[in-house]
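Peer 1: Sequence:
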Amino acid sequence: MEIQSMENKKNIKVITYGTYDLLHFGHVRLLERAKALGDYLIVGVTADGFDKARGKINVQQSLMERIESVKQTGLADEIIVEEYEGQKIDDIKRLNVDIFAIGSDWKGKFDYLSEFCQVVYLERTAGVSSSELRAERTELGLGLVGEIPMLDKYEKESHYVNGLKISGAFGEYDDFYSPLLKSLRTQSFEQLVEVSDALYIASHPKEHYNQILYALENKKHVLCKSPIAIDLKEWQELKDLAKENSCVLFDSIKTGYALAYYRLLLLVKSGIIGEVISVDATCTSFQDMQQREGKDFSKAWNSISAWGPTAMLPVFQILGTKYKAKTITSHFAENIKDFDLFTKISYIFPHSVASIKVGKGVKSEGELIISGTKGYIYVPAPWWKTEYFEVRKENLAENKRYFYQLDGEGIRYELISFVKAITLKEKNIYIDDEVSRAIAKEIEDFYTKSNLIEI
Numbered sequence: 131m132e133i134q135s136m137e138n139k140k141n142i143k144v145i146t147y148g149t150y151d152l153l154h155f156g157h158v159r160l161l162e163r164a165k166a167l168g169d170y171l172i173v174g175v176t177a178d179g180f181d182k183a184r185g186k187i188n189v190q191q192s193l194m195e196r197i198e199s200v201k202q203t204g205l206a207d208e209i210i211v212e213e214y215e216g217q218k219i220d221d222i223k224r225l226n227v228d229i230f231a232i233g234s235d236w237k238g239k240f241d242y243l244s245e246f247c248q249v250v251y252l253e254r255t256a257g258v259s260s261s262e263l264r265a266e267r268t269e270l271g272l273g274l275v276g277e278i279p280m281l282d283k284y285e286k287e288s289h290y291v292n293g294l295k296i297s298g299a300f301g302e303y304d305d306f307y308s309p310l311l312k313s314l315r316t317q318s319f320e321q322l323v324e325v326s327d328a329l330y331i332a333s334h335p336k337e338h339y340n341q342i343l344y345a346l347e348n349k350k351h352v353l354c355k356s357p358i359a360i361d362l363k364e365w366q367e368l369k370d371l372a373k374e375n376s377c378v379l380f381d382s383i384k385t386g387y388a389l390a391y392y393r394l395l396l397l398v399k400s401g402i403i404g405e406v407i408s409v410d411a412t413c414t415s416f417q418d419m420q421q422r423e424g425k426d427f428s429k430a431w432n433s434i435s436a437w438g439p440t441a442m443l444p445v446f447q448i449l450g451t452k453y454k455a456k457t458i459t460s461h462f463a464e465n466i467k468d469f470d471l472f473t474k475i476s477y478i479f480p481h482s483v484a485s486i487k488v489g490k491g492v493k494s495e496g497e498l499i500i501s502g503t504k505g506y507i508y509v510p511a512p513w514w515k516t517e518y519f520e521v522r523k524e525n526l527a528e529n530k531r532y533f534y535q536l537d538g539e540g541i542r543y544e545l546i547s548f549v550k551a552i553t554l555k556e557k558n559i560y561i562d563d564e565v566s567r568a569i570a571k572e573i574e575d576f577y578t579k580s581n582l583i584e585i
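The working numbering applies: residue 131 is where the sequence shown begins, and numbers increase by one.
There are no misleading hints in this set.
Label pairs and their computed distance ranges (CB to CB): (1) P480 to F240: 41 to 51 Å; (2) V325 to L526: 53 to 63 Å; (3) E495 to K452: 22 to 32 Å; (4) F246 to K452: 42 to 52 Å; (5) V325 to N226: 57 to 67 Å; (6) K286 to S318: 17 to 27 Å; (7) E245 to K295: 42 to 52 Å; (8) K239 to A166: 17 to 27 Å; (9) Q317 to K283: 16 to 26 Å; (10) G204 to Y577: 37 to 47 Å; (11) K239 to K373: 39 to 49 Å; (12) T553 to S313: 26 to 36 Å; (13) E320 to K201: 34 to 44 Å.
In case anyone wonders, no lab produced these hints; they're calculated from the structure.
Glycine included, each C-beta is placed from N, C-alpha and C at the ideal position.
With the hints as extra help, turn the sequences into a complete structure.
Peer 2: So this is what it looks like as structure tokens:
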């Protein structure tokens with residue numbers, strides 16, 4: 131699939147392929163040598179699934195991060211994704227390639243391509259490898275904060291991330307889920323901060339500000355289950371403090387790091403369904419409120435906090451954050467302050483519309499539909515954990531399904547990106563500050579009942 135392209139203005143086309151995990155000087159030198167062979171360089175970045183099929187299970191960066199790294203070198207005139215065995219021949223024919231270039235450690239492996247173009251083996255830079263870079267990293271201690279079962283998943287997925295270990299866990303309640311997390315439990319939040327280099331925070335949203343503030347004041351990095359704050363001024367204060375103390379502060383929305391979701395965004399931006407006119411996202415999880423009778427709801431995540439950031443993600447990443455108007459409609463639980471059983475937000479953008487529906491007391495079909503002038507993309511329930519989606523057109527023969535393996539619900543790649551941002555001082559390319567800020571603003575408007583209608 132084509133990611134980035136430009137018109138071919140000259141004659142000689144060169145193509146090369148690689149994983150480009152933890153892009154380093156050796157990779158750059160190889161790309162420079164390949165580019166010097168011709169006038170137009172095409173770089174194929176191997177997809178996650180194809181890497182696994184070839185036995186490369188230690189790749190630390192996601193496809194999106196690796197593509198972005200190659201793009202930032204400024205050497206690639208075009209970037210494509212390598213997804214299947216035999217694709218090199220297809221690419222060479224389809225793109226009218228003149229030269230296939232690859233590192234000399236593959237010498238002889240691709241001689242069969244000489245039937246279709248010239249094959250050149252390039253000498254690699256000695257003494258530099260991604261494997262060595264991964265091995266040199268020291269372990270980062272990650273503390274887990276909260277009372278939700280999600281913490282168990284983060285502990286499990288941490289084992290797939292090189293250079294990361296769980297340093298402890300903290301929650302206020304005795305029923306702190308798994309025996310492992312109980313064994314790691316610290317006596318206080320402050321103690322956890324002391325023994326950790328970074329924190330994953332999944333406590334109630336109303337506690338986020340104080341906990342993140344304390345962590346950042348102690349120069350600890352933070353990955354926080356979105357929203358980072360429920361007050362926009364507090365969000366900005368935390369972001370400013372993180373920058374001042376050279377700390378990483380990321381929103382945790384695991385869907386944003388999932389391969390299928392990322393590939394969906396690329397297709398939308400490529401114009402495959404034309405101009406996007408509407409985005410509709412639904413996220414619900416039914417809870418029997420009668421079973422919760424008599425229990426403390428002060429620490430329970432309401433619908434807008436639990437599901438809102440996930441549902442807002444495709445809206446803001448596809449349509450942007452500059453909407454003209456919005457309406458929030460909520461149905462609240464009786465006698466439970468701020469606990470919405472269901473909320474719908476309708477947006478009007480300059481040239482499009484969007485809606486999100488979230489609920490913890492109302493059940494609906496958890497699908498995502500992106501409508502455009504040339505077709506639409508349908509992602510079936512639960513879309514936030516999807517492994518496939520469909521591009522549908524008026525002509526049924528043009529319909530296509532896309533399948534991608536989902537490892538760890540996106541948590542694995544989220545943790546990898548977080549660690550990478552800490553070690554290499556890079557920004558979050560999955561959920562940028564503009565989207566993070568917009569999410570915080572929506573949550574603030576809910577709590578202040580700005581443009582909110584109760585039903």
